Amino acid sequence: MPAIETPEITNLGGQHMVLNMGPQHPATHGVLRLVVEIDGETIVKVRPEIGYLHTGIEKTCEAKFYQQVIPLTDRINYLDPLSNNLCYCLAVEKLLGLEIPERAQWIRVLLTELSRINSHLIWLGTHAMDIGALTVFLYTFREREDILRLFEAVAGQRMMTSYFRIGGLAMEPPIDWLDRVQAFIKMFPEKIDEYANLLSGNPIFFNRLKGVGYLSPEDAIALGVTGPPLRASGIDWDLRRDMPYSGYDKFKFHVPISTDGDTWARYEVRLIEMRESAKIVQQALDGMPGGPVKADAPKIILPDREKMKTQMEALIHHFKIVTEGFPVPAGEVYQAIECGHGQTGYYVVSDGTAKPYRVHMRYPSFATLQALETMAKGRLIADLVAIIGSIDIVLGEIDR
Amino acid sequence: MTEVATLLGKQAVLDALPDHPAVKAILAWDAEALADAKLDRGELTLSVAPDRIREACMALRAAGYNFFDDVTAVDWHPSVPRFQLSYHLLSHGFKEYIRLRTLVDEADPSVPSITPIWPAANFYEREIFDLFGIRFEGHPDLRRIMMPEDWKGHPLRKDYPVEGYR
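Chains A and B, in that order, are what the protein sequence lines are.
In this note's numbering, each residue carries its 1-based index in the first sequence increased by 1223.
In this note's numbering, each residue carries its 1-based index in the second sequence increased by 342.
Chain B extracted, bound-state conformation (with noise of 0.2 Å):
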């Protein structure tokens, strides 16, 4: 595969991708709340707070990022902050994806809901609520989707265990 460039850390990405869509509305929006940007193997990273989330969501999507793909937490155990957020947006118009990437602490782990703004996140957040534990405010119907709704505990967490009697 044809080497692609790699750059790491905010200042990095804002020297050589000035013009890029995703970091010229981001920076439009509010330049102090992009946390941390990489380009690792072609695909654009941009942090922000947890609690801005739906406001970047709003500025990305008011620039082009039109759809909704996919959103879901990876579980950094004993990390801390413990939990990421990983949003992938999509632009037709560009045809690009871009990932919005937010660190959640792990006592009382919550975030902005984005269903409010596309509606389609509906059951991606319920799918992180039943799986990792994070609750996102504002959402219409934050319940279980996969697991019982008696059930305990958060199957995806790296410590849930994967043998024995529960």
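Bound-form chain A, shown alone (with noise of 0.2 Å):
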């Protein structure tokens, strides 16, 4: 049975030294800080202190309608936005027992898709920035400015997207919008051959993270690790597949496993999870039914302008819903979804009023941040910087 030791920094004996990394350093990827002790250039111990970026979302939610807590989600894992709407959504459409048309959820799932590519390509990008490969940032981040585009003309925002209702979407996607994505996704494949051809038969990246930070079965699962380092652990499961939520049961895809559990590992797997998320956008654009993309419940979901203008009961739900929010009948709900970093889950408790009386986020790389010392001990502060990378943090979720 792993456990966690508890890092005390004393007795260190004369040789073991303590060394303070971030709150401000350019691997931590954010205002984390690492205090690590190590004896020479060998990691000892490794305790992160979080906290710095915390801003309470979750007590801020409680003064808020429950559709005023959706921008919110976008501002706690700021690379993966649709997916943290789609979990807040879901378990709010649970709360409501309310039915979402099929284009609705069709749009969900490829909106989240290109949504997680997104968060893998700012994560390859960033994480090869530290192992100091400096190019395949500036691809990586070519691509995800198409998809930030793809995002812009939906959503009117770049990355707080907000695009998601209690219900539905906010408006369904302009004409030539679906095309457009077609185009990005066609092109998308031979790029990621590209990052692939500049990193995976690079001696100098293979040599930095094959065989560092192992992480074992028996570990990632204790230590509640989720997303791809749980499956580049060995671990086959992908709540996307095992647990279908939002209509994933309809999808074909492939599940990346990798039994070696090392950072070399994680990497791979990230890299064909892209390419399996490009081919369910592909089936997402394919077979994308027509219909409406809101649910039949007026008193819920704001309605059109054009109605508001021309229809009193429109406008008076519109002002009702504005002012007053909407009564959600009592009771808790725990919806979990796979977002780019591994298992999202949303607690929301009602209490029958407008306001949330709770709402939780479980964010994976809070978990996943409690296995660094795990994976880090015993080696060099250099792989420190390649292990961090690999795990894939985003301190706004950490902290919320």
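Hints are computed from structural coordinates only; laboratory data are not their basis.
Everything numeric in this text was worked out from a predicted model, so none of it was measured.
Among the clues, some could well be false.
[Unchecked claim] Once the Cα atoms are required to be at most 25 Å apart in a straight line, the calculated BS3-like pairs of lysine-lysine come out as:
1. B:Lys437 <-> A:Lys1578
2. B:Lys500 <-> A:Lys1287
3. A:Lys1475 <-> B:Lys437
4. A:Lys1282 <-> B:Lys437
5. A:Lys1473 <-> B:Lys437
[Said to hold, decoys possible] Going by beta-carbon spacing under 7 Å, a handful of chain A positions derived as facing chain B:
6. Gly1274
7. Trp1460
8. Met1466
9. Tyr1468
10. Gly1554
11. Tyr1557
12. Val1572
13. Arg1585
14. Ala1590
15. Gln1593
Cβ coordinates follow ideal geometry from the N, Cα and C atoms, glycine included.
Join the two chains, each given in its own frame, into one complex according to the hints.
Now the structure itself:
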């Protein structure tokens, strides 16, 4: 049974040294502080100190109407905003017992997969940059720019999209938008080959990653690791396939697994995941159903602008929703989805009013960070940079 | 959405789901310890007393609920008992979540830590300790995690002011 040893920075014995890595350090991807105890260059203990970015989002949610929480969710994991929107909307829809039109579900799947690619592209670029391969960063951000333009076209915002609504989508995507997605997804697989060309055969990159940061499957489960690092440790688990939500059961995709459990395995798993995401987007484009993108629930979903100006009821509903929100039946739900970094879960408690009584977010980086010491123990300081990059942390979702 | 059965109360759940692996595991461990149960919106919730939470987790882990996903608290101020702890456990085998629930009193709120079972609970319990002020007995490193160490009060409690000077 693996257990986390409490790192106590005492009894250094005159030999060990304590090194503060961060909170301002280019390789910690934000304001993460690591208190590292080292023996020469070898890591003895790593103690993550977090909370520098704590903004009390869970507390803020309690003062907002249900629909006003959606913009807050973007700001938690700002690299994968649509997955956050999706998870929160699914949780509230479960509380309401609301059925979502098929077209809205498919567009949601399409967008969350683009969002996953976006998240993986940032990971790949910054991870390679940490290792010293600067070029890849410029390549991945070129494709990320394309994805952000697609987000901007539907949501009006590049990063903080807030495009999903409780009960569907904010609005129908622009007319030529699906064609633009098609154009992007057609050229994207060869871009992945390009990244792989730059990195996979690169002996420096390979030697920096291979065998570094090993995490056994037992440790991964015990430490709550999810997402690509879990699959790289040989656990065949993906919520999209195993507990489908939002219509994922209609899509066919392969879940990449590696049994190596090291940093290189995580790199390979994520690279294949991007290809699979592109396949899901292609399937969504091919089979995109028609119909409305909002559920038929006038007391929950804002009416169209057109209707609001011509129909009395629509105007009343609009006024009511904006000023008073909508009551949600009392109860508690937990909704988990597979986002770019791993399993995201929203626990929403309602007391029957228009504001959530409690919103709690379970974010993958928070749990995965606990595995850092297990991976880094006995390795060199330079490896720590590679390991932090490979677990793909976002401080926004750790501190919330 | 299709109508999912709602079962409220221990007896209703025991009658309808006698073969559910989590229910069976809890009954086999200690039938008396199950204080309450409900099936709401397709989610099964089992309630136990706060001092039995670690044993209940061990029983469920042995029954196949191998993955600790989340634990958090809800402040039901001014109800008594005040705090609710919700543990979300995942079974990779059954492909199912289960919620373990316990109610904790306001005076000296403390429960046994489950970090010895799942090291993953370490940060989560520290977070609850920090933001709600609930102590976890047997936790290896119970310190504040989000707020500064000299911070006074527990921000996620309902009686913690959200505006004005402190």
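Each hint tested on the structure:
Distance hint between B:Lys437 and A:Lys1578 is unfulfilled; the C-alpha atoms sit about 31 Å from each other, more than 25 Å. Between B:Lys500 and A:Lys1287 the CA atoms are separated by roughly 14 Å; this keeps the pair inside 25 Å, and the hint holds. Between A:Lys1475 and B:Lys437 the CA atoms are separated by roughly 19 Å; this keeps the pair inside 25 Å, and the hint holds. Taking the CA atoms of A:Lys1282 and B:Lys437, the gap is near 31 Å; set against the 25 Å cutoff, the hint is violated.
Proximity of A:Lys1473 to B:Lys437 is assessed by CA-CA distance (about 18 Å); at most 25 Å being required, the pair is judged to hold. Given hint, A:Gly1274 at the interface with chain B, holds; its Cβ is 4 Å from that chain's nearest Cβ, closer than 7 Å. Interface hint at A:Trp1460: satisfied, since its Cβ lies 5 Å from the closest Cβ of chain B, which is below the 7 Å cut-off. Given hint, A:Met1466 at the interface with chain B, holds; its Cβ is 5 Å from that chain's nearest Cβ, closer than 7 Å.
The interface hint given for A:Tyr1468 is violated, since its Cβ lies 12 Å from the closest Cβ of chain B, which is over the 7 Å cut-off. Interface restraint check for A:Gly1554: the shortest CB-CB distance to chain B comes to about 6 Å, inside 7 Å, so the restraint holds. Taking 7 Å as the C-beta contact cut-off toward chain B, the hint placing A:Tyr1557 at the interface holds, the least distance being around 5 Å. The interface hint given for A:Val1572 is met, as the beta carbon of that residue sits about 5 Å from the closest beta carbon of chain B, less than 7 Å.
Because the closest C-beta pair between A:Arg1585 and chain B is about 4 Å apart, less than 7 Å, the hint holds. Annotation: A:Ala1590 was flagged as interfacial toward chain B, and the flag holds, the nearest CB pair being 5 Å apart, inside 7 Å. With a cut of 7 Å, the hint placing A:Gln1593 at the interface with chain B holds, because the nearest CB-to-CB distance is about 6 Å.
In this structure, the earlier hints numbered 1, 4, 9 are contradicted, and the remaining ones agree with it.
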